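Enquirer: Chains as they are written, first to last, in my numbering: chain A, 1 to 345; chain B, 346 to 699.
It should be emphasised that the hints constitute simulated quantities derived from the structure, not laboratory data.
Take these hints with a grain of salt, some might be off.
[As the list claims (entries may be wrong)] Quick list of simulated restraints, FRET-style, between CB atoms: (1) A/72 to B/393: 20 to 30 Å; (2) A/263 to B/504: 43 to 53 Å; (3) A/19 to B/580: 38 to 48 Å.
[As the list claims (entries may be wrong)] To give a feel for the contact side, a few chain B residues facing chain A, derived at Cβ under 10 Å: (4) 380; (5) 388; (6) 407; (7) 657.
Just so you know, these numbers come straight off a predicted model, no measurement behind them.
Don't be surprised by glycine CBs; every beta carbon is placed ideally from N, CA and C.
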Amino acid sequence: MELGAYSFGDTQLNPDGSLRSTAEAVKNLFDAIVHADSTGLDYFAVGEHHTLEMPASSPGAMIAAAAGATKQIRLGSGVSVISTDDPVRIFQQFATADAVSGGRVEITAGRGSSVESYPLFGYNLRDYEQLFEEKLELLMRVNEHEQVTWSGTTRAALKDLTVVPRPVNGSLPLWVGTGGSAPSSVRAGRLGLPISYGILGGAPHRFSALSDLYRRTAQQAGHTGPNIKVSVAALGLVAPTKDEALERFYPGWRNMHTQMGKLRGWPAPDDNAYLAQAHAPGAYYVGDPDDVAQRIVQLHGHMGHVRHFLQMDIGGLPQEHFLESLELLATEVKPRVERLLAIEG
Amino acid sequence: MMMHTTNSALMELGVYSFGDTQRNADGTLRSTTEAIANLHEAIVLADTVGLEYFGVGEHHTLDMPASSPGAQIAAAAGATTDIRLGSSVTVLSTDDPVRVFQQFATADAISGGRVEITAGRGSSVESYPLFGYELSDYDQLYAEKLDLLMTVNSSERTTWFGTVRAGIDDRVIVPRPVKGSLPIWLGTGGSAPSSVRAGRLGLPVSYGIIGGIPSRFGRLADLYRATAQQSGHRGPDIKVSAGTFGLVAPSKQEAVERFYPGWRNLQLLMTERRHWPNPDRARYEEQTHAPFAYYVGDPDDVAGRVVDLYRHLGHMRHFFQMDIGGLPHEHFLEAITLLGTEVRPRVQKLLRSK
């Protein structure tokens with residue numbers, strides 16, 4: 001089981017609650033990835049948002065920066081919002097990072113959990129389905145072939161054009177990222193792509209119905225082998241004790257909920273719901289190393305996932321808590337997970 | 346003429362590259378992956394030996410695979426400590442200025458404020474079909490996109506409307522640069538209209554001088570400065586840099602021999618792609634001596650010619666494209682080291698003695 005983290009580049013808060021600089025947020029994220037690598041985590045992903053609170057707007061540039069400053073960790077996007085970007089440019093950025101990293105770079109293509117990129121880049125939400133469908137197809141094409149021919153309705157056609165640079169291992173691992181819809185599971189299975197579930201609430205083990213659907217579809221479509229696999233992204237934070245983890249994660253969780261409440265009409269943050277989610281069978285992997293390790297392994301019993309990675313830095317979580325959590329995940333949670341899986345094995 | 350000074354040096358020295366793919370013994374191209382990794386290694390070395398600047402240009406070919414200056418510069422930002430990093434050039438006409446800005450601002454944050462953008466039209470046109478643009482819109486694309494890039498760079502919230510891209514109605518564009526905004530240069534092969542444009546906009550100008558007699562660019566630089574002054578622009582942003590071919594080796598003879606095969610390969614490619622004349626060794630050798638444009642030589646020769654050009658151009662930065670047409674990577678690295686350790690002190694000494 002690979003363990004890791006993902007982040008949108010969370011902006012720190014001043015004592016009065018106002019936002020600190022986005023440049024600092026980006027530098028903090030870079031430092032966190034370097035720290036994750038040096039402590040031995042397997043994976044780090046950068047998501048794309050376009051807000052003062054979450055300023056990691058260019059996963060490609062962030063991953064490239066990390067590629068030049070890390071040794072072992074695998075690097076990816078969580079997710080690249082391909083619907084509102086150009087798959088050729090995305091591929092070029094990630095392939096550049098891949099070359100610099102010696103072949104450690106992946107892409108997770110998704111629709112994203114927010115829609116602020118649509119007006120920014122001149123796309124219409126009416127085209128939501130068509131954009132994703134076509135751009136995923138183009139990204140797969142560009143990833144497999146040095147000379148690309150493609151035509152569709154959402155982008156100019158390519159007629160036998162060279163797309164460089166090429167990845168170290170011939171192509172980049174390309175995942176489909178989804179918040180957990182059945183159609184996305186079917187799509188990934190049909191295309192034979194690995195799937196990454198973002199599980200942001202509820203009872204994670206219920207996602208096993210989706211991962212079963214994914215695996216069944218893949219098999220029916222004739223896709224077998226190492227590319228048919230599942231990863232899980234979830235909220236979480238590791239601290240020396242469960243109480244500390246709960247205390248540390250709460251203010252940022254509350255900030256994010258309040259923000260999302262305004263943006264998306266979420267209900268007001270509810271302390272009881274927070275606590276329920278932070279304990280089995282809830283979705284927040286907030287706890288001490290034993291607690292987090294056990295719950296990851298429990299989920300593995302349902303999902304059979306190969307990678308579990310946590311979004312820790314939300315709503316202004318202090319950077320030092322983020323760094324400590326990454327280190328605990330690598331040095332304390334990881335050996336426990338491996339031991340528990342070996343026993344289960 | 347005004348003396349142009351910077352904090353640390355009277356003249357910044359550096360390198361630019363398009364990520365040149367190495368060749369096998371039979372002349373076939375090696376992998377583009379290796380080319381990108383080589384380029385990264387070269388930038389890290391340039392930082393180590395004390396060069397002030399490295400620019401990455403954008404092309405989309407198997408022999409020049411640096412297609413994403415933003416990603417390459419970001420990678421370098423995380424692996425260097427002092428060197429300034431930029432594009433040479435970002436082909437702005439066929440990209441989205443918002444995305445370009447976001448990539449460079451990300452790199453800037455990681456570098457601690459060492460990142461610049463040089464916007465240009467590019468010397469080749471392969472990006473037009475690749476990204477679905479029409480060459481008939483060449484001028485309009487560039488003018489509008491430069492305007493948008495400057496708008497995005499100057500404030501956190503952007504409102505902009507034009508014809509070549511969707512309008513932006515009061516939207517946040519993040520992350521923001523460490524020093525408030527990124528230095529934006531205008532890159533040009535040396536046209537009078539581009540010099541006037543840069544002067545009128547109050548942007549620093551970067552001349553790509555890839556042939557002929559560099560001192561003749563003095564007239565363009567004068568035109569640029571006069572236009573800037575007439576437009577009310579003065580101060581540290583009104584400055585000139587020069588990008589030229591060049592290679593440093595222990596002796597002039599070695600430099601001339603090392604640079605020639607790659608120069609010939611590039612020339613042959615350009616003969617095929619752009620109908621340049623066939624490569625001619627005699628003409629090549631002539632170009633490697635004053636007053637011509639190839640800064641190929643030993644440290645004394647290159648330093649002397651950089652300072653000669655300074656008398657005409659008053660430029661504050663001179664950077665060299667060294668790795669062309671399959672120049673062996675070890676020669677590239679040695680030239681970078683010599684530029685930092687041998688040419689640089691000579692240039693500073695010559696400038697101080699003037």
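Enquirer: Failing hints, ascending?
Expert: Numbers 2, 3, 7, in rising order.
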